[in-house]
Each structure stands twice: as structure tokens, then as C-alpha cells.
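Chemist: Chains U and Z, in that order, are what the protein sequence lines are.
Under numbering that gives the first Met the number 0, the first sequence has 51 at position 52, and the numbering climbs by one with no breaks.
Under numbering that gives the first Met the number 0, the second sequence has 145 at position 146, and the numbering climbs by one with no breaks.
I should point out that these hints are in silico values taken from the structure, not numbers from a laboratory.
Backbone N, C-alpha and C fix where the C-beta goes; we use that ideal spot for every residue, glycine too.
You can trust all of the hints, since none of them are fake.
Once the Cα atoms are required to be at most 20 Å apart in a straight line, the calculated EDC-like pairs of lysine to aspartate or glutamate come out as:
hint : chain 1 : residue 1 : chain 2 : residue 2
1    : Z       : K198      : U       : E93
2    : Z       : K198      : Z       : E243
3    : Z       : K198      : U       : D108
4    : Z       : K173      : Z       : E214
5    : Z       : K182      : Z       : D201
6    : Z       : K173      : Z       : D293
Reference excerpt, derived from the structure (chain U facing chain Z, CB under 7 Å, subset only):
hint : residue
7    : A25
8    : N56
9    : R57
10   : Y60
11   : D61
12   : P79
13   : A80
14   : G83
15   : L86
16   : R87
17   : E90
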Amino acid sequence: MAIVGPLVLLSCGSDGETGPASPSGALGIVTEEAADRAVAGLCEMHTMPPGDRDAANRVFYDRSHDELHVIAAATQGEDPAVAGRLLRAKERVEADLRPERLPGGFVRDLDALIAATSDALVAIGLEAPFCTTGA
Amino acid sequence: MRPRLLPVLVPTVALLATSCGSGGPSGDGEPTGSGGRMVAVVASADLYANAPQRFAVGLPFADGRLVSFGSVGVRFSYTGTAEQSIAPQPGPEATAAYVPTPGTPDGRGSGPIVAQPSEARGVYEARGVTFDAAGIWQVEVAADVQGAGTQTARASFSVAAAPSLPAPGQPALKTENLTIRSKGAPLGAIDSRADLNGKIPDPELHRWTIARAIEEHRPALVVFATPVYCVSRFCGPVTDLVDELAMRYDDRAVFIHVEIWRDFQDQVINRAAADWLLRNDDLTEPWLYLIGADGTILDRWGSLFAEGEVAEALRRLPPMRP
Numbered sequence: 000m001a002i003v004g005p006l007v008l009l010s011c012g013s014d015g016e017t018g019p020a021s022p023s024g025a026l027g028i029v030t031e032e033a034a035d036r037a038v039a040g041l042c043e044m045h046t047m048p049p050g051d052r053d054a055a056n057r058v059f060y061d062r063s064h065d066e067l068h069v070i071a072a073a074t075q076g077e078d079p080a081v082a083g084r085l086l087r088a089k090e091r092v093e094a095d096l097r098p099e100r101l102p103g104g105f106v107r108d109l110d111a112l113i114a115a116t117s118d119a120l121v122a123i124g125l126e127a128p129f130c131t132t133g134a
Numbered sequence: 000m001r002p003r004l005l006p007v008l009v010p011t012v013a014l015l016a017t018s019c020g021s022g023g024p025s026g027d028g029e030p031t032g033s034g035g036r037m038v039a040v041v042a043s044a045d046l047y048a049n050a051p052q053r054f055a056v057g058l059p060f061a062d063g064r065l066v067s068f069g070s071v072g073v074r075f076s077y078t079g080t081a082e083q084s085i086a087p088q089p090g091p092e093a094t095a096a097y098v099p100t101p102g103t104p105d106g107r108g109s110g111p112i113v114a115q116p117s118e119a120r121g122v123y124e125a126r127g128v129t130f131d132a133a134g135i136w137q138v139e140v141a142a143d144v145q146g147a148g149t150q151t152a153r154a155s156f157s158v159a160a161a162p163s164l165p166a167p168g169q170p171a172l173k174t175e176n177l178t179i180r181s182k183g184a185p186l187g188a189i190d191s192r193a194d195l196n197g198k199i200p201d202p203e204l205h206r207w208t209i210a211r212a213i214e215e216h217r218p219a220l221v222v223f224a225t226p227v228y229c230v231s232r233f234c235g236p237v238t239d240l241v242d243e244l245a246m247r248y249d250d251r252a253v254f255i256h257v258e259i260w261r262d263f264q265d266q267v268i269n270r271a272a273a274d275w276l277l278r279n280d281d282l283t284e285p286w287l288y289l290i291g292a293d294g295t296i297l298d299r300w301g302s303l304f305a306e307g308e309v310a311e312a313l314r315r316l317p318p319m320r321p
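Isolated chain U, as found in the complex (with noise of 0.2 Å):
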């Protein structure tokens, strides 16, 4: 689509892929390793000891929050009721990353956030995968 859309199309032409088609939206294709991806480092958040800030917002950026905007851009177009609950609890998650101490709704926020990953994963077709430990 779009934005990705004229570069996509300009650069890589009509070499279309055949294949059991993957859910995308406007920010392209979910597949299950980079969702996996995703909740497991929501997953490692909750293992990391309670108020470790900075840990938390590393493992957050670095690993998951690109996927849940691709994730969520995916859902919007199946259930955009399931894609809204999970941009709201990112951006909750964000908020609580934002000043230098984790809140105490914090935990709270993370375990919402993986609940509604899982739901819009599964809008989408996918497996929603879970955390071992924590959540």
C-alpha cells in the first residue's frame, strides 16, 4: 500500500511471490517470526526486575514496538475494534516508558498490551504466541 506502495512498486517491479498469502496492511506483511519476535520481548519485560527503566524500554523499541505498529496496521483492516485496542495499550505502555521511573500501573499496562497483541494476532490468522513466564 501506499507510502511503501510507489517505493515497492518502483524498485521491485512485478516479481510477485506465489504462496498462501501472509496478513499485511499499510505497513506490510506480519509473519509469525517477527511477531514471535514482538511478544517475546514483551514477554522479557516482565521477567526484567520491577523499575529497571531503561531495560525495559530497550527490549521495548529494539524488539517489539516496530512490529505491534505492523501488527496493528494488519488488524486494522480485519477488525479495526481489535487494532484500536492495541494502539491504545501501546501507547499506554510508551506513556509508562517516558519518565524515568516505571509507574506502578506499569506491569498492569504490559500484561493489557499482550492481551490485546494476542487478539489482534489471532484477528489476523495467526497463532498468538504466549509467555512461558510472567504474563
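Using the hints provided, position chain Z relative to the given structure of chain U.
Modeler: Frame of chain U, contents of chain Z only:
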């Protein structure tokens, strides 16, 4: 038909998921570990011919890291039209400086480095670039990246004969955007951040309509963005930055945030945002517009903007009457 909301700059992972091999980037330097080569992603929208404009490009690696800080060189070539391509014709060259997202520290006194997204996010922006023909252009970016040598990457983009969105020199649309006094409007339609806690943040950004600012001959800085439902990662901080500018320069202009979504769940776009930005069922955001006291658009910024540049534009305006 549901409108498609498009980012001016898409997040890194998405870019790379949709990038392609031989038609994509090239690099003269060594790939940086397992991160692959640098990719150029055009972050400007609605480019048009024969007018100086900003041109922004993001420089991610396949592993999600980003080239950050310092400046890079950009060279443009004209490659014909969508119907008929030609051998690349050399065009303008420029230096593009780093424009960070709010929250990214201001440079490090050195040239470009490869940084994790948690350390730095931003784009490189060249100013005053004039494309002398409509059609398909190519940008070649050369970055002397610390520890990785000179990295180059290319990307193609379209330049139209005329802007499709309101542009500098044109009269601003006299829009009745929603404000905190709008009757019957959901709070989230005034600012999507109200969907988080039921309160409209930054009320100073939601007091004026564009129409009233023009009617009262007051300059206006207008940000079109959806902080919660943004497609790109930059919308929230962009709106925050406009609020900071509003605190410092409220004697120079009125400040307005126009929320994109009337109802995200039902995918309904606010009329004001649609009038300015929705074309052919596509809408790009965020955008920042500076409107003069006479109602003429003085400038506009897509995706990220350099706070200092916008502040300077505001300082150039004469003080408003109380």
C-alpha cells in the same frame, strides 16, 4: 470505501519486509555484522516539481538499527516517467542533516553512527531541493558511518507536476475543525489521547478553528496527527512538540491540533483532516502547517520536523495583538 491511513515514514521492520533484493539498496561499505546493508526509505510525501522543498529519508538496516546523527550526502537523478523510463539524468545534490524524533538526544558531535531504535530515531532531511520535472526520481544516499565505512543506498520516488495537498503559497482551507467547544463530538474525535483516559490533553491546542484564525488574521501552526492511532511511530511525539512550541510562542501564532479520526473503530475520518489530507481514499500523516496572518500557507512539514526550524519560523512572525 474505508480510507487508508498511510505513514509518511513507515517503521523499520515494515520497510524491510517489503524491500526487495536487486532493485533495492546498494552499499559500498561493509555490511554491519548481521544487520545487512543500509536501506534508503523516502520519508517525504506529496513532492512536486519546480518548488524548493524538504526531502527526508530514513536509513535503517535489516536488523532494525538506524543510521543516526550527523549528516549524509544525497544526489538526485531523474529517471523519466512511470510510462517511459530513461537513463538517469543528474539532478540536484545536497547535504541532509539528521532530524531526530522528540526524545532522541541531540547528536553526539560526530558523524553518522548505527544506533538501536531505543537510542535514536530520526530521518535525514535536505532543504531547498527543487525537482525540475515531474516523474520518477531516484535518490542516492552516501553516509560515512562510523565503524561501517561509506554506506550507499538508493530509492525511487514520484514527483508530481503539482501538489495534491495544500502547499506553501496557497490559501489555507477555512476549516471548522473540532475544538473543546464542539457540541456532540466524541472527546476522542478532538484528540485521540482522550480515548486513553477520557480527558483531552493540551487544551491549548484545541481552542481555535483554522477558519477563526484566518478570520481574525492570526497566524496558525496546525498539526494534523492522530497520537494514539498513528501508523508511524512519530505522531505522538510530534503533537507533544507542537504543544511545547505553543507554550513558548503563544504570542506569535495560535496552535491547533487536528485529530485525524472521528471514530477509529468505524474508520471514520474527521472532516477537517479529510479536507486537508484525504486524496483518492489515501491519507498521509502527520503534517504540520504554518499559516500566515493573511491566510496563506507559509510552510509545511511532513513526518518529522526540526524543532529549531519551526521555532525560527515562528520567531520571524510579528507579535500578535492580544
